[in-house]
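Using the sequences and the hints, build the whole thing.
There are 2 protein chains.
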Amino acid sequence: MRIIIDVMSGDNAPAELIKGALIAVEEFPVDITIVGDETIIEDIVERDNLDLSRLTIVHADDVINMEDKPLSVVRDKSNSSMSVGLRMLAAGEGDAFVSAGNTGALIAGATLIVRRIKGVQRAGIATVLPLEKPMLLMDSGANLVVNEENLEQFAMMGSIYMKKIFGIESPKVGQLNNGTEYNKGLPLQVEAYKRLSEVEGINFVGNIEGKEVPFAACDVLVTDGFTGNILLKVVEGMGKFMLKTLKGVLTSTLTAKISALGLLGQVKTVKKKFDASEYGGAPLLGISRPVIKAHGSSDANAIKNAIRQAIQFVNTGINVEIAEYSVEFDRKKEEERQREREEAEKAKEAENSSKESDDSK
Amino acid sequence: MRIIIDVMSGDNAPAELIKGALIAVEEFPVDITIVGDETIIEDIVERDNLDLSRLTIVHADDVINMEDKPLSVVRDKSNSSMSVGLRMLAAGEGDAFVSAGNTGALIAGATLIVRRIKGVQRAGIATVLPLEKPMLLMDSGANLVVNEENLEQFAMMGSIYMKKIFGIESPKVGQLNNGTEYNKGLPLQVEAYKRLSEVEGINFVGNIEGKEVPFAACDVLVTDGFTGNILLKVVEGMGKFMLKTLKGVLTSTLTAKISALGLLGQVKTVKKKFDASEYGGAPLLGISRPVIKAHGSSDANAIKNAIRQAIQFVNTGINVEIAEYSVEFDRKKEEERQREREEAEKAKEAENSSKESDDSK
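Residue numbers (numbering that gives the first Met the number 0), protein chains in the order written: chain A, 0 to 360; chain B, 0 to 360.
Hints in this document: simulated from the structure, not taken from any laboratory.
Where hints are given, some of them may not hold.
To be verified - Below 27 Å or equal to it, Euclidean Cα-Cα: the simulated DSSO-like pairs (lysine-lysine) are: (1) B/K239 x A/K239; (2) B/K183 x A/K68; (3) B/K117 x A/K239; (4) A/K210 x B/K331; (5) A/K267 x B/K267; (6) B/K267 x B/K117.
Next comes the structure, spelled out in structure tokens:
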């Protein structure tokens with residue numbers, strides 16, 4: 000198996016990404032291609048005295064920055080490390096792609112270069128929230144506006160992911176909403192509630208309010224990308240806020256400071272609990288080959304985890320199962336359309352024949 | 000000053016609400032009218048041996064439950080304690096109204112019975128989030144769909160509230176969004192960004208991402224009621240989650256347990272920090288007389304705080320300032336419309352005269 004890494008992406012590029020690749024190639028049975036500016040990579044190799052003999056290096060002139068527009072990946076920056084990596088993935092020169100770069104560009108590039116799985120209407124970002132139990136949030140920012148069919152597909156793709164990666168037999172799916180009743184929310188949520196309740200293979204547990212999110216209310220939480228992005232970042236922010244407050248408590252007085260010494264190990268456990276990078280990155284579900292978005296602030300360890308996740312993604316055949324579902328989704332939709340056409344024709348015929356019988360009177 | 004309390008509302012009705020009123024009437028220079036079912040109130044008085052001689056009691060037959068539809072407040076349940084209290088407020092038989100009941104019904108009742116301030120397009124729920132610094136979130140659930148004019152009004156009403164109640168001279172206003180750049184979000188957020196930047200009297204600091212919310216990014220955070228409701232409840236849920244995790248840490252091992260003894264006081268401080276009820280309830284801003292929504296789980300202390308807040312609301316003349324703004328808002332809008340009409344007429348005249356000159360050729 001070969002994983003492609005865009006080492007020019009993220010806040011700690013390229014050093015931490017190269018180091019993450021080096022750890023991964025030691026720990027896992029995997030080949031790794033790193034894509035980036037060779038001159039910059041060589042500087043880092045020299046500075047940090049690294050041995051890249053086990054990695055394949057592919058040169059790319061350009062880099063996509065956080066400020067670049069999504070479509071730059073296929074336009075003015077088509078020589079960027081992200082674009083080169085995605086083209087290699089599309090051409091089968093690797094089995095999965097990891098980038099810590101510009102999310103918008105990664106989604107655009109994955110969709111336009113690697114392409115969606117047939118039948119998938121929208122690819123989405125699936126993020127595992129580090130809470131009481133891991134919970135997959137989808138979409139966490141790729142599609143600001145969605146319809147109920149998109150939400151159904153998110154629910155199904157998310158369920159397949161949680162089953163394959165976390166071994167959850169029948170993942171509970173919830174819809175993020177402003178109340179638990181079936182008729183809560185905007186028309187979108189009401190329609191999606193109906194659909195999620197009816198579709199076979201989705202274990203829908205109903206609407207989930209914000210306050211239930213931290214407490215393992217479901218395994219897969221579906222929502223539009225706007226609300227999902229707000230939720231994801233609030234959870235991240237509150238986690239940091241918690242640690243800051245906890246630290247404040249533990250060092251606020253001398254008694255507290257002394258008492259805190261006995262708690263150091265526990266505090267580390269809490270810190271690890273809220274560290275999203277333990278789960279790797281966020282997969283873009285619905286793309287025909289695995290693309291993993293690592294957090295922009297990823298260090299070597301987070302990149303190693305994202306690579307482990309990419310390996311699991313490939314090995315567990317997630318995309319095969321998504322494809323089976325989405326082809327079936329398309330087939331059912333076509334059947335539905337066919338039925339509607341036939342009914343419309345019948346209605347027309349009935350109208351005509353009643354007209355004729357009127358005329359013959 | 001007279002405050003009206005709907006004592007039949009919330010999870011702990013009526014006992015905790017009556018007790019809250021009793022504490023308030025001792026602590027503050029205020030008269031209080033409690034509205035509710037006299038038989039039930041008398042039972043509580045007997046059971047808990049209370050002395051209600053300093054309160055005025057007004058009987059109401061019915062109670063609005065959490066399951067009741069918003070419009071029940073003016074329809075089948077117009078004899079409820081909430082409806083009776085709101086009618087008293089509208090008639091000037093009290094200066095402010097506090098209820099811990101059904102939020103939808105309270106908004107509908109406040110809007111239909113007490114009425115909005117002239118020029119205010121939508122009343123909204125303004126909730127103070129207990130974070131690093133108090134931050135006012137508006138709207139936190141009254142209006143699932145809003146437009147940019149509504150968001151401007153929320154920003155202004157929220158600013159007036161934070162100035163008057165928290166003494167912040169020029170409150171910083173932020174817009175909740177999925178990124179900080181001016182062009183982030185849906186068309187609504189882009190339009191509102193422009194408007195919030197331009198309107199005089201609003202100290203707009205830009206878009207705020209979810210991760211900045213806990214860290215005093217602004218004093219007033221504006222958003223639609225759907226996203227606001229999700230945010231509010233996630234913050235609430237994460238606060239509870241944090242305390243649960245902290246408790247887990249402090250009792251996980253014997254060493255931790257012993258160390259924790261020195262931290263008991265600090266833990267209480269944290270708990271208090273995340274206790275929204277310390278700030279009282281959530282005012283419905285834009286209603287012509289002060290209506291305060293107390294949390295459904297309010298105990299006597301939270302009700303006392305909501306009453307203190309109602310007193311401050313009245314004393315600081317928040318509604319006078321909101322009215323001055325909204326009348327001006329209406330005047331400017333009328334001017335704008337007038338200008339548009341005149342321009343349209345001029346364009347028409349110009350067209351006609353060019354037509355005439357064409358005809359005369």
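Original post:
Checked against the structure, which of the hints given earlier come out wrong?
Top reply: 3, 4, 6
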